[in-house]
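Residue numbers (our numbering), protein chains in the order written: chain A, 1 to 494; chain B, 1 to 480; chain C, 1 to 127.
Worth flagging that the hints you see were computed from the coordinates, not collected in a lab.
Backbone N, C-alpha and C define an ideal beta-carbon position, used for all residues, glycine too.
Be aware that a few hints might be false.
Derived lysine to any residue pairs resembling SDA-like cross-links, with alpha carbons at most 20 Å apart [what the hints assert, rightly or not]:
id : chain 1 : residue 1 : chain 2 : residue 2
1  : C       : K32       : C       : S103
2  : A       : K442      : B       : I162
3  : B       : K296      : B       : A435
4  : A       : K308      : C       : E123
5  : B       : K151      : A       : R444
6  : A       : K446      : A       : Q375
7  : A       : K442      : B       : F142
8  : A       : K308      : C       : E119
9  : A       : K442      : A       : R374
10 : A       : K434      : B       : R161
11 : A       : K308      : C       : A118
12 : A       : K442      : B       : R161
13 : B       : K151      : A       : L441
14 : A       : K308      : C       : E120
15 : B       : K151      : A       : W433
To give an idea of the chain B side of the interface with chain A (calculated C-beta under 10 Å), a few residues [said to hold, decoys possible]:
id : residue
16 : L61
17 : V65
18 : V135
19 : F142
20 : L164
21 : V168
22 : I173
23 : V184
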Amino acid sequence: MMQHLPILQVLLPLLGAPLAALLRGRDMAWGLALLLTGAAFLISIILFSQQQMTGETLVYDLGGWPAPIGIVYVIDAASALVLPVISGIAFVATIAARRLVEAEIDARDHALFYAAWLLTIAGMLGQVTTGDAFNIFVFLEISSLSAYALVAMGAGRDRRALPAAFNYLILGTVGATFYVIGLGLLYMLTGTLNLMDLSERLADVQSTRAAFTALAFIALGLFLKMALFPLHFWLVPAYAHAPSAVSALMAATATKVSVYVLIRLVFGVFGIDFPGLADAVGLLVLTLGIAGAFVGTLAAILETDLKKLFAQSSIAQLGYMAIGIGAMSATGLAAAFIHLFNHALMKAALFLAIGAIAAQVGRASMGTIQGAGRQIPLTMTAILVGGLALIGVPLTAGFISKLYLVRALLEQDFWLLAALTFISSALALAYVWKIIEAAWLKERPKGAPVLVETPVHYVPAWLMVIATIGFGIFASPLVDAAYAAAHVFIGGAR
Amino acid sequence: MAGDMLILALLGLPLLASALVLVLRDKPNLRDGQALLIGLITAACAIELYGRADGDTLFILSLAVGLDISFTPEPLGKLFALVAGVLWPVATLYTVGYMRGAGEENHTRFMFFYAIAIHAAMGIALSGNLLTLFVFYELLTFSTYPLVTHKGTPEAMRAGRIYLGILVASSVILLLLGVIGIWVLTSTLDFATGGILAGHIDPFYVPLLLALFAFGIGKAALMPLHRWLPAAMVAPTPVSALLHAVAVVKAGVFTVLKVAVYVFGIDFLRETGSSDWLVWLASFSILAASIVAMSKTNLKARLAYSTISQLGYIVLGAALATSLAASGAALHIAAHAAGKITLFFCAGAIYVAHHLTDIKEMNGLGRVMPVTFTAFALGALSIIGVPPLAGAWSKIMLMGGALDNGHLAVLAVLMLSSLLNLVYLGEIVLRGFFAAPSHGLKSEAVQEAPLTMVLPLCLTALMSLALFFAVDVFILDFGG
Amino acid sequence: MSNLIAHWNYFLVIALMMIGFYAVIARGNMVKKMVGLTIFQTSVFMLYISMGKVANGTAPILTGDATTLYANPLPHVLILTAIVVGVATTAVGYALIIRVYESYGTIEDDELIKIIEAEENAEASNA
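Next comes chain A alone, as it looks inside the complex (with noise of 0.2 Å):
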């Protein structure tokens, strides 16, 4: 049992997924993805420690065919750290998407949309864990359709759900087929897929124009995959009119594996010392990741919609991220393993709060949360840890990220980019402020709905609260995780 793991992953998701939509009892679509997402969250738990312990790297040969004719599950120590914040996501959004969905989704879907659910879910735990490319593009597709489909699921609510799927299947569409144009460049220069075996034999031809290409292909569609600025447009209406659970799984997890995928074939297959990788693609996501900062804090800044402004919020946070990935070196791979962690934590905990609001009254925004701060306290106060965290007050999983990151640029001597950095961190006060101060600091107005909150709506926001906030103040583990991760690209000291 024990060394299929990694083939049980993504296969419990995977399989629930046509099991879910042939249940059309009460709730038992939703008690079977509960069950394989906690399954999911376990199995990622134990393949986590067990990479951990040993230090080694868990291969495993689908159907028993070996690497390179194979397909083959790796669990590395990037794959392993990245694997229990989707699936442990995944499981906390699952908690929190019954009562969700019964007040956003008709009943007679709920089983479809659970099935969807699944779907993606498993999408994700695939690409994570697959060591090889086009098996990549597989999950990432699988992934993907099920999003689209479950976004389009707010039409319910709100009808612009609708157009705004569309736009995220043209570009997400776009995006994974340049990668794949990347791959087939790829497979014609070395004729292999699988990652290791296209690291190795792409030392003999990465001086060749096609690689280049290739490189820039995959790039480019993972750029617009991970909503990278300027290729952010879908990431808004997207998750501001899908319904509640939806932002709060995709949120913290959609772009993250992504970012992961992008680590994963840039320094993985292609490496650091692949020529024109370390200055001008660097150089390049730097670029594009400080000005996805400011582009996204500055918008969130004007928005007055919840969802809106923490989704614009997140594009701003995957420009960090990129940020960390642009330093090229393993500090900064570190710090965007970090903060691809925790900035999961922070917005799942946001989403999942800001859900509870909207299931309430419709919309969670500056007019709907007037005075809720009495109201909802708990809820409330959710969104507040949430946004200082954002913000990177000290304690919180943020402070961490930020420190890293600025550590990262520091230490190649990009003091302006840093103190850039920090500009953009300081802004996010400003659009958090206005809601604590909608909250706590004005009226109720008279005949607004009143507002109530009961376990179920604040306890999974709480959990990633706590967890925020566990992993500002014992962040050892996951600095250590991040290290160890990044040392699988690029070696070196600390």
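Fit chains B and C to the given chain A structure using the hints.
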């Protein structure tokens, strides 16, 4: 009591007080009484710690490799802890009197965040490395925000936004950048006597790094980052008194001084001449703030600008980079605290007793509130720097430091500043005692504020006096 | 020059790719976008399949004859997978178009934007 237990007590007692405030929210006398009691115990612990030799470290936890939260008292930190610890119970007593006398609301929320702010100040004072200091520095900002916006009016909220905006922006963009820069350059964040930077950085860049700290430490109210201080005067006077005359601004200049002495190192600064620009900026801040103070007729506004000017003295002392100047700056932390808190206490007493806030209306008030105005006079003399008040010593030491370093212009600045202080503080005393009564006064009978307010202000005025004679205890030796 | 002719398949691929991509970006009608997307994806299929062709190779079906030269079957397999993905994408895409048409009454981008903006402005003023 073991050394590290004392440190824990100083950090934990304010937290305990805040928790008890919440628990006892429905019993106002018990709630405020326990805060006062705990405050007295804290003061005793601070005095005890001050008398001890160094060497105790309290390690709390490690965020990650090289990032510890730990506390290591040293002379400067112990002095700040002493100031905060002793003035806290005095201010608590005053606060109780003010809040009840002025009819303020939300006492519980106020007392809760007050105690947390003191906890944060203790954390800053006793911090053993830059990370711990930064963490508590931020905690202080966020815990004082509810105090600044306490009244809940639109002006209070606006002031709160300016307060938070300037302090958080400066600390995140500049201070944190400086801290991480130090981390990257020296691979450590710990404080060390003589500084940790020498040898790790090209002397060309030291002024820039220093600038990151000087402007990043917004709480020191160095111009042009001073706007938050007058804006915060919208808060109730006890907030202004303790936090802005003592804890928040003192945390700022304490941090500047600590960084100058224990991160950069006085000798390193002097040899590289990196703090010369700061001497000029601090001098400008001193004079400009005094000139603005003269133009303000709102008492609290005038006192606010006076504070900005006085804080400049401490920054100046750090920038002069001699042992004498640094000692003078440290002494000034204590002297100014005692003096300024007296002045703010008097301002609050005047408001509660007669609802007056403008100086022009305080003519003849000295005869109606003789105790208050006498205390005010004592506090003012300390600020001006006249013996036998404490401020005289720190001024003399700063002048000595300027001479040591060849900055003769600074002597002129200090003397001119004393003159300006005389003008704008003396005006208030003169109006009070010697001017004909204004229309606002209803009767000539003596009417002071309640005893719970008058007692503290007398105590702090006497402290200013006592400090002059006991000054030996407060002169710190920074070597060099 | 002979190189250009020898690589005619790549030129075909690029031509299709750009036609499809242009349609996706420049056309405002949702159906046209989907058509463009399909053409775009098809060009990629062509890329893979044409690169898999081995000169004088035949279809990769085992005949038992040891001397037969086969074209590379792996790209064929990859493209089969990609075609399935493409079909699924097309299905979801057209389903969305139908829903949008039912809900908004139009499938033209500019009209949709106008309607949505009007809704958003109304919402913002009520916020």
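Consistency of the hints with the structure:
1. With a CA separation close to 19 Å, the supplied pair K32/C and S103/C stays within the 20 Å bound.
2. Proximity of K442/A to I162/B is assessed by CA-CA distance (about 18 Å); at most 20 Å being required, the pair is judged to hold.
3. For the given pair, K296/B sits about 19 Å from A435/B by alpha-carbon distance, which is consistent with the 20 Å threshold.
4. With a CA separation close to 13 Å, the supplied pair K308/A and E123/C stays within the 20 Å bound.
5. Distance restraint check for K151/B and R444/A: the Cα-Cα separation of roughly 18 Å lies within the 20 Å cut-off, and the hinted pair is therefore satisfied.
6. Proposed proximity of K446/A and Q375/A is supported: the alpha carbons are some 13 Å apart, at most 20 Å.
7. Between K442/A and F142/B the CA atoms are separated by roughly 19 Å; this keeps the pair inside 20 Å, and the hint holds.
8. For a cut-off of 20 Å, the pair hint linking K308/A to E119/C stands: about 15 Å separates their Cα positions.
9. At roughly 10 Å between alpha-carbon atoms, K442/A and R374/A fall within 20 Å of each other, so this suggested pair holds.
10. Of the pairs offered as hints, the one joining K434/A and R161/B holds, with about 10 Å between alpha carbons and a cut-off of 20 Å not exceeded.
11. This hinted pair checks out: K308/A and A118/C have alpha carbons roughly 17 Å apart, not beyond 20 Å.
12. For the hint pairing K442/A with R161/B, the CA-to-CA distance comes to about 14 Å; that is within 20 Å, so the pair holds.
13. A hinted pair counts as satisfied when its Cα atoms are at most 20 Å apart, and K151/B with L441/A qualifies at roughly 11 Å.
14. Straight-line distance between C-alpha atoms of K308/A and E120/C comes to about 12 Å, which keeps the hinted pair within the 20 Å bound.
15. For the given pair, K151/B sits about 18 Å from W433/A by alpha-carbon distance, which is consistent with the 20 Å threshold.
16. A hinted interface residue such as L61/B counts as satisfied when its beta carbon comes closer than 10 Å to some beta carbon of chain A; here the least separation is about 7 Å, so the hint holds.
17. For V65/B, the interface hint holds, since its Cβ comes within 10 Å of a Cβ in chain A; the closest pair sits about 7 Å apart.
18. Checking V135/B against chain A: minimum C-beta separation of about 4 Å stays under 10 Å; hint holds.
19. Given the 10 Å rule on beta carbons, the hint for F142/B holds: about 7 Å separates it from the nearest Cβ of chain A.
20. Nearest Cβ of chain A to the Cβ of L164/B: about 7 Å, under the 10 Å cut. The hint holds.
21. The beta carbon of V168/B comes within 5 Å of a beta carbon in chain A, closer than 10 Å, and the hint placing it at the interface holds.
22. For I173/B, the shortest C-beta to C-beta distance to chain A is roughly 4 Å, which falls under 10 Å, so the interface hint holds.
23. Below 10 Å, beta-carbon pairs count as interface contacts, and V184/B has one with chain A at about 4 Å; its hint therefore holds.
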